[in-house]
Amino acid sequence: MSDYLDVLSVLILLSSFILMANKRTKSHIRTFRIQAAMIALAAGIMGIDSLYKEGQFDLLVVCAVIIAIKVIYIPHLLKKVDANVEYKVEKDFFLNIPILIIGCCFIVVFTYFSISTSEGINAGTLNMRVVNSVSLILIGLFFMISRKKAIGQIVGFLVIENGIFVTAMFATQGMPFIVDMGMFIDLLSAVMILGIMVFKINEKFKSVDINKLKNLRG
Amino acid sequence: MLLTIRNMGGQGTLLFVSILLYIFAAAASLVLMKRHKICNIVSNTLCILAATAGIAASIIEIFFNQALTDIHIFQSTIPLLSIDIKMDKLSAFFVLCLSVLVVCVSLYSIGYISHYYGKRNVGLFNFMYATFILSMLFVMISGNAVFFFIAWEVMAMISYFLVVFESEQEENQRAGKLYVIMTHIGTAFLLIGFMIMYSYTKSFDMFASSAAIPPFAKNIIFIMFLIGFGTKAGVIPVHIWLPHAHPAAPSNVSALMSGIMIKTAIYGILRFVFSYLGIQNTWWGVTILVIGIVSAVLGVAYAFVEKNIKRLLAYSSIENIGIIFIGLGVAFIAQAQGNSTVCALAITAALFHSFNHTLFKGSLFLGAGSVHYATHTKNMEELGGLIKKMPVTALFFLGGALSIAAVVPFNGFISEWLTYQSLFATITPGQSVINILSILTVAVLAMAGALAAASIIKLYGISFLGLPRSDHAAKATEVPGIMNIGMGILVSLCLLAGLFPMAVLQGIDKVTLGLTGLSILGRLKGGFLLAFYPMNISGNAISPAVIVGVLAGVILTVLIVIRMIGGKYIERKYGTWDCGFEALSERMQYSATGFSKPIKIVFKALFRPTRSIKIEGDLTYHPESIEYTVSAEPIFEKYLYGPLVRAVKNFSKKIKFRIQTGSIHTYLIYIFLAVLALMLYNRLS
Amino acid sequence: MGFVLLAVPVVAVVLFLLIRSKKLQYAISVSASTIIMIAAALLTRDVMLFGVVEYSALGGVFYIDSLSILVLDIVVIIGLMTSIYSVGYLEEELKHGKLDPGRIRIYYVLMYSFIFTMMLALTVKNMGIMWIAIEATTLASTFLVGFYNGKDSIEAAWKYIIICSVGIAIALLGITFLQLSSIDVLKGSQFLDWTALYNHAAALNSSTLRFAFIFIVIGFGTKAGLAPMHTWLPDAHSQAPSPISALLSGVLLNCAMYGIIRTIAIVNRSLGSSVFTGRIMITFGILSILTAAIFILTQKDYKRLLAYSSIEHMGIIAVAIGIFTPLSVFGALLHMINHSFTKSMLFLSSGNILQKYDTKEISKIKGMLKILPVTGTVFLLGLFAIAGTPPFGVFSSEFVIITAIFQKNIFWIGILIAVVLAVIFAGIAHTMFKMFYGTNTSAEITAGEINIPGVIAIVVLFVLITVTGLFIPNPLKELIEKAGNIIIGGQV
Amino acid sequence: MINVVYAVIQIVVLVLAAPLVNGIIKKVKALTQKRKGAPLFQMYYDLFKMCKKTVVVSDVSSWILKVTPYIVFSTAVAAGLLVPVTTLIQPGWFTGDIIIVVAIFALGRFFMMLAALDTASTFGGMGSSREAMISSLIEPSILVTLFTIGLTAKSTALFPIMNFMKSTGTPLIHPVYIIAFITFFIIIITETSRIPVDDPSTHLELTMVHEAMLLEYSGRNLALMELGAAIKQLVFITLLVNIFIPLDQLIGVAGIAAVAISLGIYLIKVVCVSIIIAVIEVSTVKLRLFSIPNLAALSFILSFLGFLQYFVFGR
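Residue numbers (this note's numbering), protein chains in the order written: chain A, 1 to 218; chain B, 1001 to 1685; chain C, 2001 to 2492; chain D, 3001 to 3315.
With the rest of the complex left out, here is chain A:
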C-alpha cells in the first residue's frame, strides 16, 4: 500500500515540474487538474486503508471533496476566468524553462538537505514523502514568482495548498476533520475572490499582467 503512496508522492512532485514547464495557461490548469486527481487518488487509497483498519470515513469524505472542488470545480472556474479575460502578454515568465526546472531541482535538493536529517522526520518512507511535498510547496511559491499572469499566480497558490495538504496527509494521516473542511471552504472562497479580483484587474489595467501592478512603490 505504502509503495503506491510513495509512487504517488513522486508523481505529484513530477507534476509540479511539468507545471513549471508548461507555457500556456490552459496547460497550467490541466496539469493542476491532474495533480489534484493524483492527490485525490492518494487520499482515496489512504481512506480505504483507514476505513479497513479503523473504520473511519473522514479521508474518504476528504477525497470526495477534493474531487469535487480541486478536480472539477476550481479548474472549471479558472477556465472560465481565463476565457473571459484577454491577454496581451506574450512571454509570461521571467526566466526561461530550463533554468526554472534546474531551480526546481535545486529546491528539492535543498529541502532534502535541510529537512531529511532532522530526527523525527527521517523515519524511512515518511522522510521521502515529506521532502517531496515540502519541495512541492516551495516549487509552488517559485512558480508564483516566475509567472507574470494572474491565473499563473492563482495556480501557484493552489499548488502550495496542494503541497500542504499532501504533507498533512502523508505525515499525519490528515488534519482533524473539521480543520480539513475549514481549509477547503477557505480555499474555495479564496479562489472565488481571486477570480473576481482577476476580472477587476483586467477591467482596470486592460490586462492581467501582474507585472503591470507597480504604482504603489516606496
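Do not rely on the hints blindly, as some may be mistaken.
Here are the simulated DSS-like pairs of lysine-lysine, each with C-alpha atoms no more than 30 Å apart in a straight line [stated by the list, open to error]:
hint : chain 1 : residue 1 : chain 2 : residue 2
1    : D       : 3034      : B       : 1568
2    : A       : 148       : B       : 1307
3    : D       : 3049      : D       : 3066
4    : B       : 1307      : B       : 1638
None of these hints come from the bench; they were simulated from the model.
Go by the hints and put chains B, C and D onto chain A.
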C-alpha cells in the same frame, strides 16, 4: 500607593505648595481661556506665588536643611515607573535660579502677553508656559532617572510647542523642527546612558552608589551623558538648534529657555556625572574643558557678527555655557587628580556663573522682548535712538549689558574672576598638557570676554543710541511699567550679586560642600565686602564694593575740583560733527554690519563671509540705490550637518524603491528567501 | 457570554443583508458593537475570576484565557470606536459622492465579518481553526482594502490577498508540522489543541517543532507585517478606507502576533530555552524597525508613513517577545495595547484629514491646526505619542521593553533600538510637522471639524493613551501579568 | 590710616605725572625731528583751559555721552590705586589683582566705545569698532603675560608679585621675564594707542582709532578723557617698570622719606621708558589697520612662549 513622605520638612511642604500652584496656574489658564486679560493676570500671578514658594523652599534647603528632602509621590502600576521627589542642595540651587527667574519673567509676562489679547490663544500659551516651568522644576527635583527622563522629555516637547507658538513664520517652524529633532536625538543618548547604568546597578536611583558599574562602562555612560546633556546645553558642535530656537520663541519664553532651561543640562552633568558616576579619568575633564573653550570662543564670535538682537543673545548663551563648561572641566580635572580644593573652587565658579547667566541673560532677553514689543522688529539695522524713546528699558538693558560684558562691579565679572582663579590654581609645574590647556583657556577667556563686551556694545549702541534707523524705532514708546519691574529686579540682582558676592557665595559654598565635601568658605574671608581667594595666597583678592566706593569718591572729587577750576557747568547743544556736510542723517551712522566688519575680516577663515553688492543706476556718481549684504557662512550646518542629513536622505530615497519595488514577484521572492534562510539556519544550528 | 460575542456579528451581518435603510444600518452597527463591548466586558470579568473560560460546545473548541481576552478586548474597543467613526465617515463619503449608498451595506457586511473572523481566531484553542480564522480575516478584508475600486486600491488588494494567502499557507505547513511533532504524544481528538500541546510540550518532538515554528513565524509574520514579509502592509493600509486601516493596523496585526506568541509559548516550553525562537524573533524585529526607519525618513504619503510606523512597532513587539523575560513579555503585551490605541487613533484622524483635504500627500497639506483644530491637535500629539514621547502610552511600554533588553545585558540591541527610534522620530518630525502650520492656500477648504462622532471617538482614544502613559489600572495589570505568565510558561 | 595717606599720595602722583609723560614724549619727538616743540607742560595748560570752556554736546547724544568722561577718568585712577607706585604697603581695605585691573579698564573702555556710538557720528562708530577689534586681539596676550608673571610669583595680586620680583633682584636676566617684558611693551603701545598701532596726533579718519572716539567731546569732558587716557598710559608704564625693573630697594619700607626717595627713582624709570616710547614712535610708521592682527599675534606667541619657557621647559 500615594505619597509616602520620607523626609518632608518645611521646604518639602513649600515645594509641594509651589508645584500645586503651578498646576493651578496651568488649570486656571485653561479654564479662563476665553477671557484673555483675566486669564493672563491670574495664571501669571499664580506662577509668581509658586515661584516665591519655590524660592523659600530652596533657600531653606540650602541654608538650614541637613538631610535631603525626599518625598515619594506614587508608584505607578507600570513597572519601574515611580514619581519620587528628592531635593538636595544641588537641586535646591537650580530651583532657586529657576524660581528667581520665574518671578521676574512672570511679572514681565503680565505686561508682555497683552499684545496677544484677541489675536492669539492666550489661555493655551499660559497653560504651556506654566507646564513648561513645572517640567523644568520636576527635572531639577526628580528622585529617580525614569522620572527625570519623563520630565526631561515633556520639557522638550512643551518648549517645542512654545518655540513654534508664532508658527506663521516659516523660520519659526524650521527652528522648532530643528530643535525638537536635535533634542530628541540627544535624549536618545541619555536613555542609553540611563539604561547602561540600570543594567549594572539594577536600579534607576541616581542618589544611590554607582560602585557596581565597571570603569569601561562608566566611560561609555559619560560619553552618552556628555552628548545628551551637551545637546540640551547647546555646546558646539551640537549647538545648531539654539540660535534658531531661542529667537523664535516669544521673548518671555526665550528668557526662560536661555536663562534656565539650558542650565538643566548643567544640573544633569553635575548630578549624573560628577555626583553619581564620580570622576575617574582626567580625560573626562579635558574633553569638557575643550568643548567649553570651543563653545566660548566660537559662540561669542558668531554673536558678534549677528544682526538679530535675540539671535545675538542666543549665541552669547552658547559662549556663557562654554564658560560654565570650562569651570566644570577644570573641576573634573582637579577631582580626577585628587586636588579637591581646586575642584571645589572651580565648581563654585561654574555654579556662580550659572546663577549670573540666569540673571543677566534673563534680563537681556526680557529687554529684547520689550524692544520687540515696542518696535515690532528684532533687526538692529532698523533700530536706534531707543534710549530717548524708552529710557527705563534702556537703563536696565545697560545694566544687563554691563554684567554680560564682565566688567566691575557687575556679577558677570565675579564668576569670571573665580574661573580665572581656578585656572590659575590648576597650573602647577610638571603636568604639561593640562598646563598648556589651561593657559590657552585663559587666553580664550580673555578674548571671549573682550568680544562679548564688543558684541553687547554693538547691540546696545546700534539699537539704543544714535538716531532711529526706521519708523518702527522712531515711533517706539516706553513699555508698560510691569514689564520694566520684572526686568529691573533681575538687573538690580545682577548689581547686588556683583557688589556683595559673598552673600551669594555663602549659599553656593554650601552646595559645593554638598557636592565635593569641601568648603572653601573658610578661606573666603572678609564678610560681605571682600572675596578672598581660597588658595592660602596672600593678596589674591577683590573688593568690588570698595572699588565702586573709590570710583564714586573719585568722581565726586573730580566734580568738585573741576567746579573749582572751571566754574559752573555750561552746556551748548549742537549738531554732531559732520565735516560741514550739514545734513547728517540716520543713514550715515555706523551700521551693525559695519561695526562687526573688522573682526569679520580678521577672522575670515572662520566666518567665510559672503558679500553681495546690488547697485542700481549710475555707479560712478549718482547710484539710485546701493544694497550691500554680507552674511557669515554657518560652518557646522554646511560642513557637518548638511552632508550628514543629505546622505541619510539620499540613502533612504534610493533604498526605498529598491525594497518596495511595487512588483509582487519581488515580494514573493522575499518570502521565498526568508523560508530558505530559516530552514538553512535551522539545519545549521 | 462567548456565544453572544460571536453571535452578534453574525446576526448583524444577516441584518445588514436584509435591511436597506441607511439610518437603521448605522444604528445596528453601533448597537451591535456596543453589545459586543458589554459582552466582552462581562467575559473579561469571568476570565479574571476563573482564569479560563471554556465551552463544551463543538467539541470544546472554544477556550478563552487571559492572553486571548487581552487581545480580544483590544479588538472590541477598537471595533466600537471604528463603528462610531464609520457613521460620520460614510456620511461624508456619500456627501462628496465618493461611493453610492448601495455600497454602505457591503461595507458593513464585510467589516463585521472581518471583526467576526478576528474574534473567532482569538476564542478557539485549536490551532487549525485559529489558522482558518486568520486566513478568513484576509478574505474578509480583501474587498475592504479594494473598497474604492480605484486602480491603486485594486492593486493593493491583489497584493494583499496574494502575499497574505501565501504567507498563511506557509503557516498552515507549520501547523501541519506542529501536529506531526505531537503525533505520537496526543490522541486524535486533541490534535492541534493548544492546551494539550502546551501541557505535553516537554514530550513533543523538538526538531519537528523547530520546523513548525519556522513556518508559523513566517506565515503569521507575513500577516503581522514583520519585515521582510511586510510588503503588503503599506499598500493595503494606505489604500483601505481609514476606519478599515485603523482595524487592520490596530487589531489584525495583533491577532497575527497572537498566533506567533501562542506558538512560541509551546516551542520555548518544549525546547526549554528561548534561544532558538529568540534569535529569529529579534532578527525579524530589528529588520522591521530598520526598514520602517528607512521608509519613514523620506515619506510623502502620511497614511503610508503611519503604516510603516506600524511595522516598526510590530518589530519592537517581536524583539520584546524574542527577549522572553517576564518584564519584556509584559512590555510586549502593554505595547500591543498602546500601539493599537495610538495607531488606530492616528488612522482615524488621518481619515478626517483625507476627507478635508482630499489628498494623501503631506506636501499639499497646510495649516491643519487652524482647519481642523481638534483633529489636528490630537494628530500632532498622537505623532509625538507614537514616536515614544512621554507622557503617552507608547513611551511607557517602549521604556519597559528597552529596560528589559538591557536587563538581559544585550547592549547592542538596546542601543540600536534607542538610536533608531530617535531617527524615526526625526523622520516623523521632518516629514509630518509641516502639515500643521502655515495657512492653507486652496479656497474650497474651509475651517471647521467634520465627522463629529468620529472626532469624539478620536478624543476618547487620545484620553486613553494619555492615561496609560503614567499608569494602568490594576486589573489590567493583573490581566497582563497573567497573560505573560501563560507565555513564559506557568501551568494553565 | 597711613594706608590712606599712601593711597592719596599715589593718586596725586599718578594724576600729576601722567600729563608729563605725554609732554616728554612729544618733546623728544620734536627734538628728534629738529623742532623746538611744545613746552614740556603744554598738556597741563590745555587741560586747565579745557576745564574753563563751555561744553558743546551733540543734540543727538544722551546721558551716556556725559557720564562717560567721569567713568573713564575714575576707572583709570582706581586701577592706578591697585598698582604699587611708590610703596608696597598695601591698603588693606582696598584690594584687587591684575585681573580686576584689566576689568576696571574694561569698564572705562566699555563706556568710551558706547559713547562713541551715542552721537550717531560715523567717526565714533568707526573708532569704537576698530577699538573692539584691537582690544579683543590684544586681550589674550595681556592676561597670558600677567598670568605667567603671577604664576612665577604664585599670586595674581600685584603687591605680592612685586615683592617677589624685588626678591629675584634682576628679573630681566630670566628668559621668562625678558620675553614677558617685550610682550608687555607691545601691549603698552597697543593699549595706549601709540604708533605703530594708532597715531595719537592724527585726525585723519582712515587712521584714527582712539581719537575718533574722542571727537565729540569738548570742554571739561574732553579734559577728563585726555587725562584719563594719560593716567591709563602711566599706569601701564608703572606696571612695566615696577615689575621688571625693581631697582629701588627702598620700596616696601614705610616712612615718608623712603617713599620720597623711591618716588624719585620711579620717576626716573618712567622718564626713561617714555623716551624709549618716543624713540619708537619716531623711528616707525603706523601699521595698516589690518596688519595690527599680526602684531597682536606676535605678542600672543611671545607671551605663550614665555609661559612655555617656565612651565613646560621648566626653566
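Hint check results:
Between residue 3034 of chain D and residue 1568 of chain B, the direct Cα distance comes to roughly 42 Å. Violation of the 30 Å bound is thereby established for this hinted pair. Restraint check for residue 148 of chain A and residue 1307 of chain B: the C-alpha separation of about 64 Å exceeds 30 Å, so the hint is violated. A hinted pair counts as satisfied when its Cα atoms are at most 30 Å apart, and residue 3049 of chain D with residue 3066 of chain D qualifies at roughly 19 Å. At roughly 20 Å between alpha-carbon atoms, residue 1307 of chain B and residue 1638 of chain B fall within 30 Å of each other, so this suggested pair holds.
Violated hints, listed in ascending order, are 1 and 2; each of the other numbered hints is respected by the structure.
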